[in-house]
Every structure is written in structure tokens, then in C-alpha cells.
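Engineer: What follows is the residue order along each chain.
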Amino acid sequence: MLLIQCPHCGDRNSDEFTFNGEIVPRPDADADPATWRRYLYMKSNGDGWQTERWFHVSGCRRFLRVERNLDTNEIRDVRDYGDPS
Amino acid sequence: MSDVKRPRYSAWKLLTQGFSKKPWPKVWEHHELQSSYDVVIIGGGVHGLATAYYLARNHGITNVAVLEKFYIGSGGSGRNTAIVRSNYLTPEGSRFYDRSVKLYEHLAQDLNFNVMFEQRGHMTLAHSDSSLRTMRWRAEVNKLEGINSEVITPSEIKKLAPFLDITDHPRYPIHGALWHPPGGIIRHDAVVWGYARAAAALGTHIHQDTELTAIDVDSGRVIGVQTSRGPIATRVVINCTAGWASLISAMAGVTLPITTRPLQAAVTEPVKKFLHPVIVSGSLHTYVSQTSRGELVFGASVDPFASYSTRGSLEFTTGLATHVLELMPAISNMRLLRQWAGLCDMTPDFGPIIGPTPADGFYVDVGWGTYGFKAGPVAGESVADMIANGQPGRLIEPFGLDRFEKGTLTAEKGAAAVGH
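Read top to bottom, the protein sequences are chains A and B.
With the first letter of the first sequence counted as 1, position 41 gets the number 41 in my numbering; the numbers rise by one all the way through.
For my numbering, count along the second sequence from 1 and bump the result up by 1000.
Don't read these hints as lab results, they were simulated from the structure.
All of these numbers come straight from a predicted model, not from anything done at the bench.
Be careful, since some hints might not be right.
With a straight-line cut-off of 30 Å between C-alpha atoms, the simulated BS3-like cross-links for lysine-lysine are [said to hold, decoys possible]:
#, chain 1, residue 1, chain 2, residue 2
1, B, 1143, B, 1102
2, B, 1143, A, 43
3, B, 1069, A, 43
4, B, 1013, B, 1026
5, B, 1273, B, 1159
6, B, 1102, B, 1013
Using the sequences and the hints given, assemble the complete structure.
Structural biologist: Dropping the structure here:
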């Protein structure tokens, strides 16, 4: 079980959330199709700490920015997606 | 073809060796790491070892090293649920996996090693009209490729698997199924050992306990690798890993469209034989088969988030029990013996990635999601062919890395992780 400390709802089981994956910077609107496809598909998929997006679908329904270790699943920071990181 | 004499196994040999009370001879020798190899294969699983075997057998390329950081078959090859089938949804997928089933059918003879392939039939249940429609679609695609695959009714299902509940009582009643007689189960460890033994006999060096630490690239070309046992000069490196495919490709400066997710599986105590075919339910995220020893082996879809951790979760076991009991209420008193997880490299279109990369001399055979084991022989054969001929063959052409930039994805929704 993964416990996510939602800034709005407190400690909740990860079952309440949907995982949206690692955060990749979005290209400019006028970028070429190849750049957009790279943005859509290519992932660094590294080990260790990753900043990722989760959606609290069965809770406050807010998007969250989560820092999680992919080797151990330890979570060290959770904040609202809109908050400055 | 190498002239190394391969020890033959036979019933007579088993008898005489058994009575002699002497230990069996070593299956392959330990080698020192050479300073250079023609080809270096990363990963001693079914893909890496099959590639080495077909490079040697079909193309006479034997100056090859297989690097394995732990022991052979310790990754995905020893963690999957050992199901083999070819009833995929896309023509390119069905064609590809069908070649694998064909290779598996005579693999025991080819390798002189009993891989215990049992073609018991593979049944994918449909719990709704829309999934029945997908089954019909898959059956028609399969038939066009010459694959034995048909939609069957609940009464036919009951004859093949009497313990399934085909009433309308469950939350997801069974409406029909896709029936694929050539599908079945195999002993996955034996496949790994068989390929390793055959490849070693042809001259390949298998280096266990040897971890890759870096890939040397000079002006866009691979020139060698660094390992925990020293450097190797080589101009061809093939990444045949699962779980660490992105991390190893990053060593060569190559980014992949992969997200690694754990997939959990579990096994029960052994009971008397009652389940012959392999049963799969996409809607209930589970597949089950009974091994020759009598244990039920269950697999699920991938975990709901990316991770490199193979730790099991309670959510998996409770979800599994709920779903399996919907299918077979009679097994409610059986106990789970253990659960484990393997790492699945998921791609956006549920197709593998096989072929050259932007780094010259660095090839990938990765992105095997939930379908890597069943593809081992055909991937090995195709990758060996690509290395020998310098370009990908017809079977693997649709699975190149460049499809993600071109936008020509495969959309393989017949994969195990996909709900229909």
C-alpha cells in the first residue's frame, strides 16, 4: 500500500488516486509534430527520485505534484499542482 | 556451425547417469571475460540467450558475450506466468507471436532440453457485448493469419472448464470467450536453461554476476562497454533487458518511450488436477492456469503506478481473490502460497521496441510489457537475423523505435495489461 499525504485531505491510500506519470515540460504551441510526439511518448523513466502528477479522483479531485522514489516508493513531498515547486 | 560437442540428453542417459550415482557433468563452462567480443548482449534472460543461440546456430556468429548482472533467468524470464499464445489483435502482432508459438512447438527437440510446453488451449473470457465484439474481431484477424482462434459460447466454455461459473449470478457474467487451442503453458526456467546450454555449446560466453556499468560511445558509435569485471571492446551491443531497459539505453544516450511498472502474480498450494486450459479475463484483470504440479498460478494487470520496486501489495491479493472467486467460486478454500512481482516495460502502444537506435551499433530488444516471455524465441531469431543482415526483417519492421516519432504506432490492444 502506498500512503499519499494529500495537502487537502490528509493521509490517503493510493487507491483513491490515479497516477498520471512523470512530469515532462510541454513544448511551445508552434513546435513541430516530431517534438510533440517526443513530448507525448518519450520518458526518462529513471530510477531514484521522480516528480510526478497524481489526481485525487476519489477525494478532493485536485491534481497533485508528488516527489516519489521509484526504487523504494518512498514519498518525500506532496503539494497542489498549482503551488510553486 | 561450431564443432563443439554438445552432450545429448535421453531417457537412456538419464537411466545410466542415475544408476552411476556420479554428479551430472557441468552444462557450460565458466569463462574469463575477454577483452573484446563481436557482439555483447545485455541481459541473460530468454531474449538475450535466445539471441545468442540463434546468432550462433543460424549465422555462425559465436564470439558473443551475454552479460547478466545476477543469475540467468532471474528477471522477467523467471517471474512471468509462463503463458504462450498468439491470438493478438493486430495482424503484425499475431504474425509475430505465431512464429514464436511455432518455434516453441519444436524447441525441446531443437535444444535437446525438455521445456514442458503443454498446448492446453487458451481461453479469453468476454463479460460484455463490447468485449465479445473485440473477441470476434481478434478471431477474424487471427484466422486471416492462419491462427487457430474462435469465439465460443458459454455452454462450450462449460465443457472445456467445468469449474467456471457461467450463470448470470456474478457481477460480470460470462457471455462467451475467444478460444485459442495452440496456446498453453511452458516451464519458463527450462526455456532459459535450454537456450543457455545450447548457446554455450556453440561457443557463446555466458557471464553471470557481471553488471554493465557504462556503454562507451565515440562520435555516435558504440566502441565498447564497461562492466563490474572490466572493460570489453565491441562494436555491437544489444539491450535485451526488461525492467532496466530505459536505464541501460540511457548509458548509450538513447531515450525510450517506456514506463516501468510492476506486475504481481501469485501461486496457490497444489491440488488435484481440475483446470485444463488457461483462463483469462481482461475485465477482471486476471489470468489463471494450473501447473503440472497442481498449483494454480494467477497473474494480474500491471500495478496502477510506475515503480522499480518488486514489493507485493495487499491490494493485489484482495483484488485477485475477489475476481478469481467470481470466476470459480469452488476454490474459495484454497490458500495462496506466495506472491511476487516482475517489472514490465510498458510502451504507449503495447508493442515491443526492436531495432537500431540513434547510437550506431546499439540495438534494442525491449519494451516487452506483459508479453515478453512468449516472444522470446521469435525475438531472439529476429534480432540475430537483424545483426547478421544489418537490417530488421519483415516480422519486426513494424516495431522500430522510430515509429514513435513518425506516429505509426501499432495499437496492440490484445495485450494482457489492456482491459477491453
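Engineer: Each of the hints needs a verdict: does it hold here or not?
Structural biologist: Results of checking the hints against the structure:
| no. | hint | result |
| --- | --- | --- |
| 1 | B:1143 x B:1102 | holds, 16 Å |
| 2 | B:1143 x A:43 | violated, 36 Å |
| 3 | B:1069 x A:43 | holds, 24 Å |
| 4 | B:1013 x B:1026 | holds, 15 Å |
| 5 | B:1273 x B:1159 | holds, 16 Å |
| 6 | B:1102 x B:1013 | holds, 28 Å |
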